[in-house]
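Novice: Sequence:
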Amino acid sequence: MWRLVAVSTLSTGLLWGTAEAKINWSFDQVIRKAEKRYGRQGQAKERLLSWSAMVEDYRGLSEAEKVEAVNRYFNRHVQFREDIALWKQADYWATPVETLVMGAGDCEDIALAKYFTLRLLDVAEEKLRITYARVLNPQQAHMVMTYLPEAGAEPMVLDNLTEDILPASARDDLQLLYAFDDRSMYAFDGRAMRRIGESQQIPCWHELLSRLSKDGFMPNQG
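Each residue of the sequence shown is one higher than the one before, starting from 703 at the first, in this note's numbering.
Just so you know, the hints here were simulated from the structure itself, not pulled from any lab data. Take the hints with a grain of salt, since some may be wrong.
Simulated pairs of lysine-lysine, DSSO-like, Cα-Cα distance not exceeding 30 Å [said to hold, decoys possible]:
| id | residue 1 | residue 2 |
| --- | --- | --- |
| 1 | K790 | K738 |
| 2 | K916 | K790 |
| 3 | K829 | K790 |
| 4 | K916 | K747 |
| 5 | K738 | K916 |
| 6 | K735 | K747 |
Have a look at the derived ranges for each label pair, beta carbon to beta carbon [claimed, not checked]:
| id | residue 1 | residue 2 | range |
| --- | --- | --- | --- |
| 7 | D891 | F729 | 26 to 32 Å |
| 8 | D866 | R739 | 33 to 39 Å |
| 9 | P840 | G892 | 37 to 43 Å |
| 10 | R783 | G892 | 19 to 25 Å |
Here the structure is a predicted model, which means the values were calculated and not measured. Note that CB positions come from ideal geometry on N, CA and C, so glycine has one too.
Build out the structure end to end from the sequences listed, making use of the hints.
Specialist: Next up, the structure:
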């Protein structure tokens, strides 16, 4: 999870488009593709239907309410399980569809599901970061999603370990290390987030973006 790879020959920007890109999705297509890949699994389909209903129900909420609701939804609906148990791999980043089909995932799967769901709910990409962290006691690698309500704001932490969304400075149990979005990489310097360069290809990230299209998420300029 921690090993960063050098510059990819195909940047994520080419797949997702510009900073103004939005996610276009057809839930009927998501269901069809999921049934083709995984079969007609009753509980898995119910979880996907619940997710679709949640997205539609939350569209009218304020941005802060969307963030709180999405964090709570995935913390309650996805059981924590390690990649090796789910996917027979040491490190596998699942799409939201894969996570919900399984009903389980590890910290990065849950963070990614929150990230892409908030994108579906039209929360601006520049407010969302996938964030590498370290749990301090016991020491272990971790991943969360961070949300910046406005430019320069202190990151708010969406974590599968708790439903409380707290500013980074209030998480004495957690050290934020690095973050990324579609365009840039960042390092945490105390409470501040410092840009350290263009986005680099990260293990599993390019493969994840490719599988999103197979799941029914289609890049769309708009």
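Novice: None of the hints should be skipped; say for each whether it holds.
Specialist: Hints versus structure:
no.: 1; hint: K790 to K738; in the structure: holds, 21 Å
no.: 2; hint: K916 to K790; in the structure: holds, 21 Å
no.: 3; hint: K829 to K790; in the structure: violated, 33 Å
no.: 4; hint: K916 to K747; in the structure: holds, 17 Å
no.: 5; hint: K738 to K916; in the structure: holds, 11 Å
no.: 6; hint: K735 to K747; in the structure: holds, 11 Å
no.: 7; hint: D891 to F729: 26 to 32 Å; in the structure: violated, 41 Å
no.: 8; hint: D866 to R739: 33 to 39 Å; in the structure: holds, 35 Å
no.: 9; hint: P840 to G892: 37 to 43 Å; in the structure: violated, 23 Å
no.: 10; hint: R783 to G892: 19 to 25 Å; in the structure: violated, 34 Å
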